[in-house]
Amino acid sequence: MAESYRRSQWSNGLFVLPYLAVFVVLLAFPLFWGVWLSLHKVDLFGPGRFVGLANYGRVLVDPVFLQALRNTIVFVLVSVPVLVALGLFLALALNRTTRMTSFLRGLFFSSSVLSVTIVTLIWRFVFIPGDGLLAVLSEALSVQPVNFLSTSGWSLFSVGVATVWWCIGLPMMLFLAALQQIPNDLYEAAALDNASPWRVLTRVTVPSIARTIMLVAVIQIVMQFQLFGQAQLMTNGGPNGTSRPLVMYIYEVGFLRWDVGKAAAASELLFLIILVAAMAQYVVSARKSEASE
Amino acid sequence: MSADRSTYRPENMTANRTPLTIAAVLSVAMMAPVAWLLGLSIKDNMELKLGTDSVFELPYTLVNYLNILHSSQVFGWFFNSLVVATGQTFGVLVLSSLAGYAFARLEFPFRRTIFVIVLFGLAVPEQAVIIARHQMFNWAGLHNSYVGLILPDLSSALGVFLMTQFFKAIPREIDEAALLDNASPLRIFWKVLLPLTLPAQATLGIFTFLRAWNDYWWPLISATKKEMFTLTIGIASSQINFAQTEGLGFLSAQAVFASLPVLIVYLIFQRHIVTAVSGGAVK
Numbered sequence: 025m026a027e028s029y030r031r032s033q034w035s036n037g038l039f040v041l042p043y044l045a046v047f048v049v050l051l052a053f054p055l056f057w058g059v060w061l062s063l064h065k066v067d068l069f070g071p072g073r074f075v076g077l078a079n080y081g082r083v084l085v086d087p088v089f090l091q092a093l094r095n096t097i098v099f100v101l102v103s104v105p106v107l108v109a110l111g112l113f114l115a116l117a118l119n120r121t122t123r124m125t126s127f128l129r130g131l132f133f134s135s136s137v138l139s140v141t142i143v144t145l146i147w148r149f150v151f152i153p154g155d156g157l158l159a160v161l162s163e164a165l166s167v168q169p170v171n172f173l174s175t176s177g178w179s180l181f182s183v184g185v186a187t188v189w190w191c192i193g194l195p196m197m198l199f200l201a202a203l204q205q206i207p208n209d210l211y212e213a214a215a216l217d218n219a220s221p222w223r224v225l226t227r228v229t230v231p232s233i234a235r236t237i238m239l240v241a242v243i244q245i246v247m248q249f250q251l252f253g254q255a256q257l258m259t260n261g262g263p264n265g266t267s268r269p270l271v272m273y274i275y276e277v278g279f280l281r282w283d284v285g286k287a288a289a290a291s292e293l294l295f296l297i298i299l300v301a302a303m304a305q306y307v308v309s310a311r312k313s314e315a316s317e
Numbered sequence: 102m103s104a105d106r107s108t109y110r111p112e113n114m115t116a117n118r119t120p121l122t123i124a125a126v127l128s129v130a131m132m133a134p135v136a137w138l139l140g141l142s143i144k145d146n147m148e149l150k151l152g153t154d155s156v157f158e159l160p161y162t163l164v165n166y167l168n169i170l171h172s173s174q175v176f177g178w179f180f181n182s183l184v185v186a187t188g189q190t191f192g193v194l195v196l197s198s199l200a201g202y203a204f205a206r207l208e209f210p211f212r213r214t215i216f217v218i219v220l221f222g223l224a225v226p227e228q229a230v231i232i233a234r235h236q237m238f239n240w241a242g243l244h245n246s247y248v249g250l251i252l253p254d255l256s257s258a259l260g261v262f263l264m265t266q267f268f269k270a271i272p273r274e275i276d277e278a279a280l281l282d283n284a285s286p287l288r289i290f291w292k293v294l295l296p297l298t299l300p301a302q303a304t305l306g307i308f309t310f311l312r313a314w315n316d317y318w319w320p321l322i323s324a325t326k327k328e329m330f331t332l333t334i335g336i337a338s339s340q341i342n343f344a345q346t347e348g349l350g351f352l353s354a355q356a357v358f359a360s361l362p363v364l365i366v367y368l369i370f371q372r373h374i375v376t377a378v379s380g381g382a383v384k
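Chains as they are written, first to last, in our numbering: chain A, 25 to 317; chain B, 102 to 384.
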């Protein structure tokens, strides 16, 4: 019996079989079938005929798709740097163990465990005109209140505020873990050189955690490209689609208008964008770490 | 010398107290929306209709929370969420432990190839598979059922990846000792190694539970009947037309009620959650 432990045996594979079955049926198969769907005319009544790349063509000339693509890119370009910078700042500020800092760390991470519907409800009550916290405050200060959720420009901004509030915990925790790994001698050397705190930060701390900064950026890019619930629940993409992200476009086309082939094509395009973004970051970070060695 | 060094550790950036002060100010901004929600939840709905600035004045009331107790709908959603999250957690733990053990300890044909393919699964975002899944479940008639809500996320490769790491971290000598007793792989797994992975099971279990509890897109398209809503979807459906129907106070109380389980889990298992979330991210 003990032999089977070291020797390669088919029966040992039985342990993997249950997961593998689920993996094949619910992940691998849908992944490929999604591509197949995107090449066919599909509606509520099921798959129809092969149409080649026609669905992709229809997506790429759809002004609603192009607007959603632009919204999503703007959203990623603004929210990711904010999340990285704010996460790094909080990690630096809270990187020591006192009661106060552990409490604050727990607090900044706590919003991450809430569901998107709770987060949007909380922030709608802040932003809604008339009854919202900001409206009440601006009335008290006699400032003209902004209608955040239905003014173009402000609506996507409001979604961004709620998103940063929801997602800030993970970057902070990843940066805190990385700061613990910096070897002490680097700081000793800097102390010998009488380097100023700012110089220590830019010359020692930030370069030492460059890989983590890259990692956090990649994770956030991948996550924020998939923005959906916040926009759908807070602004429903409005006004005039100015806060509609790509995933919400896919949802509307696929599950409200049941143009399944077109939605599948759009989701393959989004998948491609996310892969390219993640790969690009990966290549850049690999090259950087090579250069530094 | 040692005093010098300590001033330059990043921990002691806070010797300069400005960053900590800014963080404390930010934490107030972080809490203000939640405080506002709590305030709304303890006000009478009629009073809020006249103006929400009444939140800053007496009287307060618990009537909204009492109304939840009388609303079978909210409790039904709560129960659905509990069934789905528990079922998914159990499924993920079983599948991931079995697979993780085999990947970490046993030899079988194509082991490495299969493991690499499974790791590729980590890179597949939900939206790349959700449309095809929806069609499949449509055919199988699994929408609006607990099975339909539980199954899809069992395919997540994260659990397998984490459990493989955990099993690898157990010293080999432990199974060697059991091998001397001629124990079978199943016996070693069940009697010897599995008990050692309990902390890891807790970490993965809590993480999976939270993810299932908070899941949004799949239950949104799969559970379309009101009585099959999870709490997350139920709250979403009531906030879409909130002004007309239910009143801000009642809706706020529902939100507080819906977040209590996750916040309690978070308070008790904070360390596990942070480990799981950051471990999952650094895959």
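Calculated from the structure, these hints are not laboratory results. This one's a predicted model, so the numbers in the text were calculated from it and none came from an experiment. Treat each hint with caution, since some may be false.
[Unchecked claim] Here are some chain A residues pointing at chain B (derived, C-beta under 10 angstroms):
#, residue
1, TRP34
2, ARG73
3, PHE74
4, VAL75
5, LEU77
6, LEU131
7, SER166
8, VAL167
[As the list claims (entries may be wrong)] Between beta-carbon pairs, the in silico distance windows are:
#, chain 1, residue 1, chain 2, residue 2, range
9, A, VAL59, B, THR214, 46 to 56 angstroms
10, A, PHE127, B, SER285, 44 to 54 angstroms
11, A, LEU84, B, LEU163, 52 to 62 angstroms
12, A, LEU161, B, THR325, 53 to 63 angstroms
13, B, ASP145, A, VAL230, 50 to 60 angstroms
14, B, HIS244, A, VAL167, 18 to 28 angstroms
15, B, LEU223, A, ARG281, 51 to 61 angstroms
16, B, PRO120, A, ARG281, 41 to 51 angstroms
17, B, THR214, A, VAL230, 53 to 63 angstroms
18, B, VAL217, A, GLY76, 30 to 40 angstroms
Here a beta-carbon is modelled for each residue, glycine too, at the ideal position from N, C-alpha and C.
| Those earlier numbered hints the structure runs against, lowest number first | 2, 3, 4, 5, 7, 8, 9, 12, 14, 15 and 17
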